[in-house]
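Visitor: Could you put the whole structure together from the sequences, leaning on the hints where they help?
Residue numbers (the working numbering), protein chains in the order written: chain A, 1 to 317; chain B, 1 to 542; chain C, 1 to 216.
Among the clues, some could well be false.
[Unchecked claim] Some, not all, of what chain B presents toward chain C, calculated at C-beta under 10 angstroms:
(1) Arg75
(2) Phe113
(3) Leu240
[To be verified] Lysine-lysine pairs mimicking PhoX-like chemistry, simulated, CA-CA at most 25 angstroms apart:
(4) Lys156/B to Lys68/B
(5) Lys108/A to Lys200/A
(6) Lys68/B to Lys103/A
(7) Lys195/A to Lys108/A
(8) Lys58/A to Lys43/A
(9) Lys115/B to Lys103/A
What the hints contain is simulated information worked out from the structure, not anything from laboratory work.
Backbone N, C-alpha and C define an ideal beta-carbon position, used for all residues, glycine too.
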Amino acid sequence: MNLWLTAATHNATQVDYLIFALVLISCAVLALVFGLMLLYMFKYRAGSDIDRGTLPRKTWRLEAAWTAATLVAFFGLFVWGAKLYLLLFQPPADALQIHVIGKQFMWKAEHDGGQREINAIHLPVGLDVQLVMTSEDVIHDFSVPAFRIKHDVLPGRYEALWFRVDIPGTYHLFCTQFCGVDHANMVGEIVAMPKADYQKWLARSDAGETLAAAGKTLFMRYGCSGCHGGDGAGANQSQSTVRAPSLAGLYGSPVTLADGRVVKADDRYLRDCILTPARQRVASYLPVMPSFAGEISEEELLKIIAYLKSLSQQEPS
Amino acid sequence: MSAAAGAAALSGESYLTDGFSLRSWLLTTDHKRIAILYLASITVFFFIGAAGAALVRYNLIVPEGLIKSAETYNRLFTMHGVVMVWFFLVPAVPVTLGNFIVPLMLGARDLAFPKLNLVSWYLFMLGGAIVLYSLFTGGVDTGWTFYTPLTTQYSKGHVVATVIGIFIAGFSSIATGLNFIVSIHRLRAPGMTWFRMPVFLWSLYATSVILVLATPVLAMTLVLLAFERIFHIGVFDPTLGGDPLLFQHLFWFYSHPAVYIMILPGFGIVSEIVPAFSRKPLFGYTFVVWASIGIAVISFLVWGHHMFVAGTSLFSALVFSILSYMVAVPSAIKVFNWIGTLHKGFIRFDAPMLYALGFIGLFTMGGLTGLFVAALAADVHLTQTYFVVAHFHYVMVGGMVSAFFAGLHYWWPKITGRHYPEMWGRAGALIIFIGFHLTFFPQFILGYLGMPRRYHSYAPEFQVLNVLSSAGTTILAAGYLLPLGYLTWSLLRGERAAPNPWDATGLEWQTPSPPPTENFVATPVVTEEPYAYPRPKPQATS
Amino acid sequence: MSDAALPHAFQYESARHQARTAIAGMWLFLASEVLFFGVLFLSWIVCRHWNQAGFDAGARQTALAIGTLNTVILITSSAFYTAGVAFIEASNTRRLIQCCALAWVLGLAFLILKFGIEWHEDLARHLFPGPRFAITGELRTGAQLFFVFYFVATALHGLHLLAGLGLVGWIIRRAGRGEFSAQYSTPVAVVGLYWSFVDMVWIVLFPLIYLIGRGP
Ligand code: HEA
Ligand code: HEA
Ligand code: CUA
Ligand SMILES: [Cu+2]
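Guide: Below you can see the structure in the form of structure tokens.
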């Protein structure tokens, strides 16, 4: 019986410290509670004729003392848990992105180079890795106990998760949100390998096109280029009469919306622009872009977004 | 005891002998008889739910699962959760012990609305019948949480019927809560000021507030769920403009307060029993009272702690985390006050006291592990694993079911007029305590190691701990079947009980056991604080 | 007749005690109802926030004229009922019956207008959410959601009103048997609270359905 779980990332060790602290505090509290209970049960059992003195009259000092002590302890635990949580969920910039799609009952992953895998993800150690996750049907949850991290994967939006693996190895991947009959079989493995091996793995697996290249094809096929121009550079360069914003350099930059909000153009934003353009109209353009919801599948969406991102890497605005 | 009541006792007349026909039971408006009807009903539900648990544990003995079909397994734990929560633990104490004892403790003759009380039992049975029907013909495999869009668009089975059953049972809860609140406000005996009320009444008052204000939220959520399920369009469907997280928010807005519906009555029972068997007033009475109210209020503000990894904003997670710690403070206050009550007492170890002490221990362990999952970063690792399963079984089963047994044994002589066999009672308390730890402690470790909950099959390295847990279940099963046996036996053979066998304070002990139909012939008058136990001479009690 | 001599259930001290308790019970029930409908309104607002344009498109399809008429009808009905309560406090049973009857008829008129005419038309115009929903294009999703709320809310409100009709009818029958007087009018007051509550729910629903987002 193995009572130990590898802590394969730096943050996993941090989470372990928190859990161990909680265990220690609990043991102390239990020692106090059970200790006093047993002591009093013995000392003040009805049969014992120990001198019990008189009863204390006022109790509020004691009450205030233990309320305050509990409050302080709780506040400490809250702060510790919260700080670490913020760390766990604030992705570092320029992490290696891997795209994950959950569906009943499998995990599909796509690397930027176009490598695809099912119920397994290969990744390098020592590098920040960010997962951009969505679901094709119900809510799933991407969980790797050895990394002490998990997050729900919802249909209709992107959720992100990041970690940096320190120790190479093969780790369990579980779906931990009940998602239907075969929930228990929606499992897989995470293979963390040294960078060189990872490169070899990338090269070996037959990738085909990169995501961005495939995305470019789709960008043409779905007629995006009709408004946004052949290379997404804006309507002025296209033959179309529609005036549509340039998409080059868009990713990562702030966008002013028609209702005055300013939002950052991240994966989620791009996705929403394509599927539900009515929810966020770009300022000073006519609201003519149609919704592509139901037409573009999650996997195609990934590719189109990869293409849009590649546009901003070429010519930053 | 008044002379007339004494005469009634001597002549052997009681609510039990006031009519023997089936009709006199099924159409009764006597709160005591309704309590008995409820007691029989929830016992049946408990064993149905427990049979589900037994099968769940049976399946998990081997990694591939002994029950071949995953679908069957999913239906089993859904059935287990639904029945245990809505048809056993939420109603358990209020409708049985509460129904029986509240009017007696108040010095009243009945609840404020006796007919409503009977209606609530019929609603409960109707809801229960619908749920059982749908669970046994086709079943539901969504988990007791019914998360969308799984429930509304993808799962098979009788979701709508189950939801309707829960909806109807919800109105039974509302009726009970309403009855208690109004009765406590309006029917207190002369002299019973608010702060002369025993803590059991306060606890049920707080429970009722949650019942009345949280249950309708669940009801409406279920209406929307059913609509979406039937017409395949609705507010929780992300592909049609809806919001799947909205469902989770609404569900937990009810279900978190609901966990305090389940525990608060237990606090009340323990606060009666610990003083009675320590022969001492409850330590810090006022603090315990305000702690109950505090829990009821704050419990409405912490629902988001079930959604730390669900995709809500980081900021809201911080808020819900600190509020979860806040709601734990009043519970801490209570634990310390019970221990303070033991201090310098004259402690007797009858079965009710053993169960109550078991409650304090197990609840503390369950509560402390609640602090693990309230700590954000720790929850990220532990959520949706067996750690959470262990956490809530410690509070609900170890804690609350023990408290229920404590109360049942404590008031058994009052309810039935008979004593349960003391030795068996103590043995039962001990077996449950041990079996419980064996069943659920391994699950904490399983959870830490990462075993997800709601898994029909699991990775082989988890097997040893699972086998331990399943083995513990057999002991636990014995522990639960034992009281069923000896309590039933005592109905016929138990020793007759005096009006106040424990020598306890509280108006319920000032009338014969079992009480006459009208409870009190002359309205009692309260002249002192609750728990005014005289200090016995040490020699006198030994 | 002195207070103590009035009949009352055995768990109360006096008829007055019983009356006050019944009214307290009704208030508490209504508190519970507020949360029941509150969830509906809250979800409505949340969903509208996400799909404003669609919701507004949906709102434009509703029958403002019938809605307004119905609002007037319900308010009048409540007014009559309240007058009835005042009359019975002066022991005027005949007037109580007249007022209640008017309130009852108006309630029925509401139901006929709402379900017999308005719903009927809505259904004929394919405004019930589903594959054959009338509004197409980009606003379809939002408009469908609007009509989910529309139908759920009006159906639930209608059921409450139907229960209210039963209760008012019951009051009329008992009043007809001369059971109420200035000394004993608790059921009249309790039903009155409920009747006004059903009215209040409508007053929240009316702007949600017909006014918000309708535009000029
Ligand atoms: C009776 C039921 C009950 C009770 C009383 C509680 C009590 C508490 N619960 Fe629990 N909980 C559930 C039933 C209950 N819970 C259920 C059913 C679920 C799962 C539902 C599902 O997903 O299916 C759940 C899940 C759950 C979660 C979500 C876990 C997840 O899914 O990731 C969280 C997170 O915060 C939580 C927290 C707490 C806290 C902080 C308390 C506190 O109130 C506990 C307070 C008590 C103490 C803390 C002990 C006594 C204190 C002392 C002796 C003081 C000294 C201590 C110190 C100084 C440290 N609970
Ligand atoms: C109040 C509530 C309550 C109670 C009392 C229990 C009692 C028990 N529960 Fe349960 N449990 C829940 C509430 C409760 N549970 C909830 C809400 C869930 C979540 C469901 C979900 O995920 O949706 C859950 C889930 C749950 C799981 C997780 C399943 C999973 O995630 O895959 C497990 C696993 O071990 C379990 C075990 C047990 C056990 C061993 C008991 C034991 O205490 C039971 C011991 C008793 C017996 C074994 C009875 C013995 C008697 C018989 C067998 C005779 C039966 C027959 C007749 C006479 C008719 N429960
Ligand atoms: Cu996917 Cu569970
Ligand atoms: Cu909770």
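Visitor: Does Phe113/B meet its interface restraint, that is, does its C-beta lie within less than 10 angstroms of any C-beta in chain C?
Guide: holds, 6 angstroms
Visitor: Can you confirm whether the C-alpha distance between Lys68/B and Lys103/A stays at or below 25 angstroms?
Guide: The given pair, whose Cα atoms are some 23 angstroms apart, holds under the 25 angstroms limit.
Visitor: Is the shortest C-beta separation between Arg75/B and chain C less than 10 angstroms?
Guide: violated, 28 angstroms
Visitor: For the pair supplied as a hint, Lys156/B and Lys68/B, confirm whether the alpha-carbon distance does not exceed 25 angstroms.
Guide: holds, 19 angstroms
Visitor: Checking hints one by one. Is Leu240/B an interface residue toward chain C, by the C-beta closer than 10 angstroms rule?
Guide: holds, 5 angstroms
Visitor: Tell me if the straight-line CA distance from Lys115/B to Lys103/A falls inside 25 angstroms.
Guide: Distance of about 51 angstroms is beyond 25 angstroms: violated.
Visitor: Does Lys108/A lie within 25 angstroms of Lys195/A when you go C-alpha to C-alpha?
Guide: Given pair Lys195/A, Lys108/A holds - Cα atoms ~22 angstroms apart, limit 25 angstroms.
Visitor: Given the hint that Lys108/A pairs with Lys200/A, test it: the Cα-Cα distance must not exceed 25 angstroms.
Guide: Holds, because 21 angstroms separates the two Cα atoms, which is no more than 25 angstroms.
Visitor: Does Lys43/A lie within 25 angstroms of Lys58/A when you go C-alpha to C-alpha?
Guide: The hint holds at about 23 angstroms.
The earlier numbered hints that this structure contradicts are 1 and 9.
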